[in-house]
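Trainee: These are the residues of each chain, in order.
There are 4 protein chains.
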Amino acid sequence: MRFEGIFAALTTPFAPDGSVALDKFRENLARYNRTHLRGYVVVGSTGESVLLSFDEIDRIWNTARESAAPGKLLIAGAGVDSTSETIARSRSAAELGYDAVLIKTPHYFKALLTPVALERHYMTVADASPLPVLIYSIPQYTGISITADWVARLAEHPNIVGIKESSGNLQLISEIIHLCPPKFSTLVGSAGTLFLSLLLGGAGGVLALACFLPEAAVEIYEAVRAGDTARASRLQFTILYASRKIAGELGPTGVKYAMDCVGYYGGDPRPPLCPLTEAQRKTVEAVLAESIARQKLDDLGVAR
Amino acid sequence: MRFEGIFAALTTPFAPDGSVALDKFRENLARYNRTHLRGYVVVGSTGESVLLSFDEIDRIWNTARESAAPGKLLIAGAGVDSTSETIARSRSAAELGYDAVLIKTPHYFKALLTPVALERHYMTVADASPLPVLIYSIPQYTGISITADWVARLAEHPNIVGIKESSGNLQLISEIIHLCPPKFSTLVGSAGTLFLSLLLGGAGGVLALACFLPEAAVEIYEAVRAGDTARASRLQFTILYASRKIAGELGPTGVKYAMDCVGYYGGDPRPPLCPLTEAQRKTVEAVLAESIARQKLDDLGVAR
Amino acid sequence: MRFEGIFAALTTPFAPDGSVALDKFRENLARYNRTHLRGYVVVGSTGESVLLSFDEIDRIWNTARESAAPGKLLIAGAGVDSTSETIARSRSAAELGYDAVLIKTPHYFKALLTPVALERHYMTVADASPLPVLIYSIPQYTGISITADWVARLAEHPNIVGIKESSGNLQLISEIIHLCPPKFSTLVGSAGTLFLSLLLGGAGGVLALACFLPEAAVEIYEAVRAGDTARASRLQFTILYASRKIAGELGPTGVKYAMDCVGYYGGDPRPPLCPLTEAQRKTVEAVLAESIARQKLDDLGVAR
Amino acid sequence: MRFEGIFAALTTPFAPDGSVALDKFRENLARYNRTHLRGYVVVGSTGESVLLSFDEIDRIWNTARESAAPGKLLIAGAGVDSTSETIARSRSAAELGYDAVLIKTPHYFKALLTPVALERHYMTVADASPLPVLIYSIPQYTGISITADWVARLAEHPNIVGIKESSGNLQLISEIIHLCPPKFSTLVGSAGTLFLSLLLGGAGGVLALACFLPEAAVEIYEAVRAGDTARASRLQFTILYASRKIAGELGPTGVKYAMDCVGYYGGDPRPPLCPLTEAQRKTVEAVLAESIARQKLDDLGVAR
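Protein chains in written order, with the working numbering: chain G, 1 to 304; chain X, 1001 to 1304; chain E, 2001 to 2304; chain R, 3001 to 3304.
Be aware that one or more of the hints could be misleading.
In silico contact screen, one side only, chain R against chain X (beta carbon under 8 Å); selected entries [to be verified]: (1) M3001; (2) N3062; (3) T3063; (4) Q3140; (5) Y3141; (6) I3144; (7) G3168; (8) H3178; (9) G3192; (10) L3196.
Simulated crosslink set (DSS-like; lysine-lysine; CA at most 27 Å straight-line) [as the list claims (entries may be wrong)]: (11) K3183(R) x K1110(X); (12) K110(G) x K1245(X); (13) K1282(X) x K1245(X); (14) K3245(R) x K2110(E); (15) K3296(R) x K3183(R); (16) K282(G) x K1110(X).
Cβ-Cβ distance ranges computed for the label pairs, FRET-style [stated by the list, open to error]: (17) A2293(E) x P1016(X): 47 to 53 Å; (18) S1145(X) x T114(G): 56 to 62 Å; (19) E2290(E) x A286(G): 47 to 53 Å; (20) P181(G) x E2290(E): 18 to 24 Å; (21) E2278(E) x S1145(X): 53 to 59 Å; (22) E2290(E) x P3275(R): 49 to 55 Å; (23) G2018(E) x P3275(R): 37 to 43 Å; (24) G2201(E) x P3275(R): 37 to 43 Å.
To be clear, the hints were calculated from the coordinates, so they are not data collected in a lab.
Just so it is clear, CB atoms sit at the ideal spot from N, CA and C, and this is done for glycine as well.
Produce the entire structure from the sequences given, and follow the hints as far as they go.
Mentor: Right under this line is the structure:
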């Protein structure tokens, strides 16, 4: 099975007392279930994984499992710095019935995490994980860069089935698609690169933007699949600033506020992340409004 | 109380099966107890903190508490990305009788961790921590840089008593010393800057190098305190390459092998960290031998 | 007139005594004239512009003017750090009958060269230049980055007609194409991005690779224009490593040696640039041979 | 002869019509002649060298030669990217009776300018230059970093007599001083590092700050030479922000405005450099006023 389509990189809702608000999480999922999203990444970067305890993560994973509609694929954000802990997390996800694990590049000891060390990490995890492994590269948070040659070597492992590539580097994405076998799923992690990656043979996206504009992301995917690249290209530019200014520059905090704006439960992030300032909220509102307006104009057939 | 002198940033020994080797840890401490080290940082970066579970950390903290000689100060590496978890870790360290906590800058969500967000984190932790707080800045691992003005603002909090500054940027260190009150302890985290920081009024160092060359670091400290800056300067240059090539470039892996070379238990790091290659081991051996030879020549009064 | 097609970023041949070898330059041009290259950039980065005196540049420009076949477009690399000197160079190019000037971002005083300062530079040059202006951005040499919004503002000036964008950042290139008017020519400066940029509506490329593989670059361009994107994509990957390993990593020195390998006159660069080492020469030979072999296989209809 | 003391990195005054204002340059020099500055660097980075023609540079060099008081040392900024042109510039400076040339690292072709290539450049220039050579490293403008080992190799050449090191990296400066012979002059190029570098055995500074606060820089130098390190340290901190906010962040433009503020002729820089904004001018005025006030308080014996 290839992982294809648009996946939302879910946020983790918090109650005003700072605890995980599983009820709000269920409500969000109930609404996402009615979209054409292909599935969900549960507790990835956008889910503030590094701010959660393993107990909390298990409860969130479990809730997503219970709440996801049949047919929606579930991918667990299971990568931590330690190889053995990453394996343990992957086994937990398997026990809960997940479909795959998303394994972030270890990153704390930057200079020591050479391509060889990273390859050993992934090979060890892939050997031991009961679930298929998706590589996860996000250099803007980790400081770890990868190359297409390196991905192609990992893609030879039968249990490494794809990558979420969040750097936004289309040249790199095009080389990964070129060098890896067709069954390997190259999913982009930045909405700004969705259309072009699909045009190049990419499998879809795992997108924070899909938390607040799920239909827009799905429509780009479906337009490309339907061969309507002109429409896909137009739609892509309707989400460019929403992707850059909200998901890119403001991270989970911005995504959550944008969710609040469109009727999902976003809420505040966990400290040390700070709520948006008033000026940042205005930016999110304006960017979001413009994005939605452009999409409507496009639906009405009005040229930009 | 000001934190002054040389502290070893302890490594965490692992047994061949990957578990924490508390017996080896005790043996190392027994030997360090006989040096003039002022104390120990337990489970910092050099202790591979990000590769340990909280259970393991508690056992290591506890073992250090039992094994440290009376009078040695104990500093717990207690900082994680989450503010509330950092507070919980600090309380655990307090219950175990530690003297201070070392709180690393949160770092995963790079762009969102503005000076304001980081200040809120430290103020919240310092308000809640039963133990005095030492700031810990290590941009080569975290990607988070700080300024002297920012440190000076934090230094106004009565429970923020010092900093371990590991960037190696002496200009920054000199400004921190200048802008912060005399009771604030500016400890360097890179052995290469020890002598100059002391000359500028620094309080000492928290050094990975002190795991394998504790006496050399202590001698530099004592020479400066005794007013013998010429000798301190000469000794500083005997450890320059050991600091850069072993602790700097090879991190915990290099430090552990250097410990093996001089009779401590180093052992292998935890994956994803890889054991040194043969060439890297030769480098460590050569750099270490040269460093020790130079120190002996200096003791004998032989000019370089 | 829109600048479209493949332009070679010509090298400057030097004689063994270090002087400019205009005779060799003429011979190279005579051969390029027989290709479908659309034209030439004379004395750009690949032409070692910063190592030439203005007198030498004038003689090279003049020689290119005399030697270029009718119909080949001539673009003069005329940008230097000083605004007034850039204008003077542009006027010289106009007197020699050139078709456009390529104006590099000023770059020495990095932090002072804000978007506003750079915009003032280009507006002043565009006002005064008798020739149409092409912006030239090459952050790997200049350290100056630009944004698509900034390019779009400059594109409103009637005498700023295009850009040579050499960063290799396809996301940036796609946004420039989207935001600028259709008559604006977005030319890529890195051969690795040629196919995709054309697919997105780009106008072509100004390529160092076209010095030693002119036909390969032209074929990609013509395949896209003919609607044969499958063939263009295959051809693109035949030049990927030649672009990266020769033009990208080895700069003018590598390009010149590759020219020597395929029968043009390359020769040595000017000091401080060093001739290739033996190992670097072997790399160029191997990468070039593989690239040519892949192109032949594709011509023969052999799948990779 | 060792180059010791404080040298001003002179600005180049321009008339309102953009031409070089040699009369203003003479007036500035007449005033500097009455300070204890050891000499002048003529047409370095602060002199906007990259915005001047060689004709203009020759006239400026000549004017400085005529206007400098007897005993003031004259150092010509003679380094350009081309090795042969750098030699030609050095010979011109020799003919004008200069005392040394300051040779900037070539920098345009970043990745190709390896330590080996740079070493070849300096060795060739030092062999051919009639004047002693000072290396000039300023990575914030050039993007080229150096190491102390590399400097020590060059210091073995009898005609390479010192370095102007402008990175502000005190660790690097301390290693250069340690590894190079005593007769080698290590001059800092950032005023913020002056005191510490002198304490370490440095020879002085080549400072843009000395254009507008020459006496302050000289006093730090003389205090260290007189053994009054406490006073030198206090004075150092009176110029910290003037160095960082004016010379560092605002470059020649800021330095010129600060000169205007204290009675020298500064004037505007050449485009593409822009005059300061109103807000930037206020910053310069405030920083300068605070710096001067602190110096007066120190003279009066008032503790901060």
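Trainee: Decide, hint by hint, whether the structure agrees.
Mentor: The hints, checked one at a time:
Interface hint status for M3001(R): violated, as the beta-carbon distance to the closest one in chain X is roughly 26 Å, over 8 Å. The beta carbon of N3062(R) is not positioned within 8 Å of any beta carbon in chain X (closest approach about 37 Å), and the interface hint is therefore violated. Given the 8 Å rule on beta carbons, the hint for T3063(R) is violated: about 35 Å separates it from the nearest Cβ of chain X. Interface restraint check: Q3140(R) against chain X, minimum CB-CB distance 13 Å, threshold 8 Å, status violated.
The interface hint given for Y3141(R) is broken, as the beta carbon of that residue sits about 18 Å from the closest beta carbon of chain X, more than 8 Å. Taking 8 Å as the C-beta cut-off, the interface hint given for I3144(R) is violated, the closest approach to chain X being about 19 Å. With its C-beta approaching chain X no nearer than about 6 Å, G3168(R) sits inside the 8 Å limit, and its interface hint holds. A cut of 8 Å between beta carbons decides the hint on H3178(R): the least distance to chain X is about 6 Å, and the hint holds.
Interface hint at G3192(R): satisfied, since its Cβ lies 6 Å from the closest Cβ of chain X, which is below the 8 Å cut-off. At about 6 Å, the closest approach between the beta carbon of L3196(R) and any beta carbon in chain X falls short of 8 Å, and the interface hint on this residue holds. This hinted pair does not check out: K3183(R) and K1110(X) have alpha carbons roughly 46 Å apart, beyond 27 Å. With a C-alpha separation of about 15 Å, the suggested pairing of K110(G) with K1245(X) holds against the 27 Å cut-off.
Proposed proximity of K1282(X) and K1245(X) is supported: the alpha carbons are some 12 Å apart, at most 27 Å. For the suggested pair K3245(R) and K2110(E), the alpha carbons sit about 15 Å apart, so the restraint of at most 27 Å is met. Straight-line distance between C-alpha atoms of K3296(R) and K3183(R) comes to about 35 Å, which puts the hinted pair past the 27 Å bound. A threshold of 27 Å between alpha carbons decides the hint, and for K282(G) with K1110(X) the separation of about 22 Å falls inside it, so the pair holds.
Remark: the range hint 47 to 53 Å for A2293(E) to P1016(X) is upheld by a beta-carbon distance near 49 Å. For S1145(X) and T114(G), the hinted distance range of 56 to 62 Å is not satisfied, since their beta carbons lie about 24 Å from each other. Between E2290(E) and A286(G) the beta carbon distance is about 51 Å. The supplied range of 47 to 53 Å therefore holds. Remark: the range hint 18 to 24 Å for P181(G) to E2290(E) is upheld by a beta-carbon distance near 21 Å.
Restraint check, E2278(E) to S1145(X): a C-beta distance of roughly 42 Å breaks the suggested window 53 to 59 Å. Separated by about 54 Å at the C-beta atoms, E2290(E) and P3275(R) satisfy the suggested range of 49 to 55 Å. The given range of 37 to 43 Å is respected by G2018(E) and P3275(R), whose C-beta atoms sit roughly 41 Å from each other. The hinted range of 37 to 43 Å is satisfied by G2201(E) and P3275(R), whose Cβ atoms lie roughly 39 Å apart.
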